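Undergrad: Single-letter residue listing:
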Amino acid sequence: MKARLPALLRLAVLALLVVFITSPSWFEPLLKPLTENGAPAIYNQGSLLSLTLQHLRTVLVATVAATIVAVALAILVTRPAGAEFLPLSRSLVNIGQTFPPVAVLALAVPAVGFGEKPTLIALFLYGLLPIFENALTALTTLPGNVMEAARGAGMTGWQRLMKVELPLSAPVILGGIRLSVVISLATATIGSTVAAKTLGEVIIAGLISNNLAFVLQGGLIVAALAVLIYDGLSAIERYAARRMGQGVE
Amino acid sequence: MTIRFDKLGVVIAAIVAYAALAAPFATFRANRIVPGQARSILEALPPALGMVLVAVVIAAAIVALLRTPLILRLAVSVVALVALSVLIGTAGGFLTPAGNTFARVAPASGFWLLIFAFTLLLADVLTRLNLSPWSRVGVLVLAALAIAVLLVSGSWDSLSILKEYASRADSFWAEASKHVSLALGSLAGAVIVGIPLGILCHRVEKLQAGVLNVLNIIQTIPSIALFGLLIAPLGWVAVHVPGAAAIGIRGIGTAPAFVALFLYSLLPVVANTVVGLAGVPRAANDAARGVGMTDRQRLFDVEFPLAFPVILTGIRIVLVQNIGLATIAALIGGGGFGVFVFQGVGQTAMDLVLLGALPTVALAFAAAIILDAVIEMTATKRRIVETA
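So the sequences go chain by chain: A and B. At position 24 of the first sequence the residue is numbered 24 (my numbering), and the sequence of numbers has no breaks. Convert by adding 1000 to the 1-based position in the second sequence; the result is the number in my numbering.
Source of the hints: derived by calculation from the structure; they are not laboratory data. Careful: at least some of the hints might be erroneous.
As the list claims (entries may be wrong) - Here are the simulated distance ranges between beta carbons:
{"id": "1", "chain 1": "B", "residue 1": "1213", "chain 2": "A", "residue 2": "16", "range": "17 to 25 Å"}
{"id": "2", "chain 1": "B", "residue 1": "1071", "chain 2": "A", "residue 2": "235", "range": "51 to 59 Å"}
{"id": "3", "chain 1": "B", "residue 1": "1348", "chain 2": "A", "residue 2": "64", "range": "28 to 36 Å"}
{"id": "4", "chain 1": "A", "residue 1": "39", "chain 2": "B", "residue 2": "1240", "range": "16 to 24 Å"}
{"id": "5", "chain 1": "A", "residue 1": "39", "chain 2": "B", "residue 2": "1294", "range": "57 to 65 Å"}
{"id": "6", "chain 1": "B", "residue 1": "1169", "chain 2": "A", "residue 2": "11", "range": "52 to 60 Å"}
{"id": "7", "chain 1": "B", "residue 1": "1281", "chain 2": "A", "residue 2": "72", "range": "36 to 44 Å"}
{"id": "8", "chain 1": "A", "residue 1": "167", "chain 2": "B", "residue 2": "1130", "range": "29 to 37 Å"}
{"id": "9", "chain 1": "A", "residue 1": "60", "chain 2": "B", "residue 2": "1289", "range": "47 to 55 Å"}
{"id": "10", "chain 1": "A", "residue 1": "72", "chain 2": "B", "residue 2": "1086", "range": "36 to 44 Å"}
{"id": "11", "chain 1": "A", "residue 1": "163", "chain 2": "B", "residue 2": "1232", "range": "52 to 60 Å"}
{"id": "12", "chain 1": "A", "residue 1": "65", "chain 2": "B", "residue 2": "1021", "range": "28 to 36 Å"}
Predicted model, so just to flag it, every value in this text is computed and none were measured. No residue lacks a Cβ here, since even glycine has one placed at the ideal position from N, Cα and C.
The whole structure should be built from the sequences, with the hints applied where relevant.
TA: Below, the structure written as structure tokens:
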């Protein structure tokens, strides 16, 4: 999605999204042809706005937790004290990525029950991997001369980490976070199969009652959110890269 | 003599200590949906065997904790895993009252943690041994054979997952073949369409941004929505296009699942083809032009072989992703292992969930290991060609 959607188009999508989730009834005539036998065209078992906010909150909580843990782990295995764990952590990340999200979700249910918790666990575990991988790549490929200079200037390990390594790695780590958020936004919909309150509820209600309008509105809201958030995070990433003097790719 | 500790060993020993001493080894339930009662290792096994298992596990943890030779660590991790796998079956038989067909015995958190700890030890040893691609596939085959032996010999038959399997053995294999054919079929479709499309994008730069953008946006549509959205157009095709219904195209079922997986698969294949072709060294292309190769010859004899490992990486991503996503096909009647997962979630029968989830994870894991090995082999071959 190197989509440099023109800013205007992006604004239009945002405006449309906001109008749609705040007053969906305006769009009823548009969606009506997709329904059969006079079924409702707009999801009526809960407000789209609150479902969207809950969806975003679930993704946010999971991503923040995943970011903290993944970056901490990446820092740990790139210090001399944790270097022993580096090869293993690489293979664990590879193995972890083969776990399908549905399986993680379903396997979390016996441990924590139905609702939001299994979804958070699945999103957290699935979000860890891209962030960890990117943080690891960033921290292990820092320019040697910069690190040498930091050491030469008499910085302690902690100072080097906080003032040199992390700021230099920020753009790549942000790239991992962006990937993880986009995956989580889509995966969170599956959470509704275990009774989590997300936009998946709308889609599943549509699948069950054979109501295409529900499926379409749920899917489009999630896709629009993903595209907008992806673009927003890309912009932050470019800003961070510019500040680090790495230029725009 | 000073005793030196292995850092990973400290983690493993801590997990083992908790799992073996504090966490339940197995759960016993009077029937398949009531809450279970926890049983520790010593309660779940005949006294002598229980003591043996505790001794094996503690000995293995000590070997992991200290700095020991790799070969010893390899041996103890394998012994511990085999002991656990065999004895969980024994526990099933021991805990189930004779003649009771309703009782369910399932592995509990302690068992899974012990398996996790020793798999971690094994993974660490295998990583440090730096195995060749062939040996990695060999290890995978050995592990698969060991699990097959345990399954066929019936030593796990008393466990709840296999009781679920026993009551639906026929549909299990039908869904398994549906799952595999969905994942592989959509991959084949994506390769047949995606690679030429990638080549076209590489040659015609104007197309590139547009095609990749569209494919990227498809990826942002949640899978359950995309599956659902395809129901209507395919239903229309089935009714209005002569012959479509005859070859199995229907609004619900396998057809929308296949098309959705195919659409998701296109991006990694096309993007990796473009990246792979762009990475072909200019010198190689110039040399090929210099010796008078036509465009077509250059594509098939130079560019494509050099880009192949990158394209293969795209195929690996697609295959692993498809095996996972095919579970969702069950929501729209497309079959696959997802049938058991969602049935199990619906009935709150977790053994049924495991019956669907474990084979999916195993399939994805095996696919990843095999394709990683193939990628490494083609990449080494390429390096040899380059240095020759």
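Undergrad: Work down the list of hints and note, for each, if the structure agrees.
TA: Checked hints:
no.	hint	verdict
1	B:1213 with A:16: 17 to 25 Å	19 Å, holds
2	B:1071 with A:235: 51 to 59 Å	53 Å, holds
3	B:1348 with A:64: 28 to 36 Å	30 Å, holds
4	A:39 with B:1240: 16 to 24 Å	23 Å, holds
5	A:39 with B:1294: 57 to 65 Å	59 Å, holds
6	B:1169 with A:11: 52 to 60 Å	57 Å, holds
7	B:1281 with A:72: 36 to 44 Å	40 Å, holds
8	A:167 with B:1130: 29 to 37 Å	34 Å, holds
9	A:60 with B:1289: 47 to 55 Å	53 Å, holds
10	A:72 with B:1086: 36 to 44 Å	38 Å, holds
11	A:163 with B:1232: 52 to 60 Å	56 Å, holds
12	A:65 with B:1021: 28 to 36 Å	29 Å, holds
Taken one by one, the earlier hints all hold for this structure without exception.
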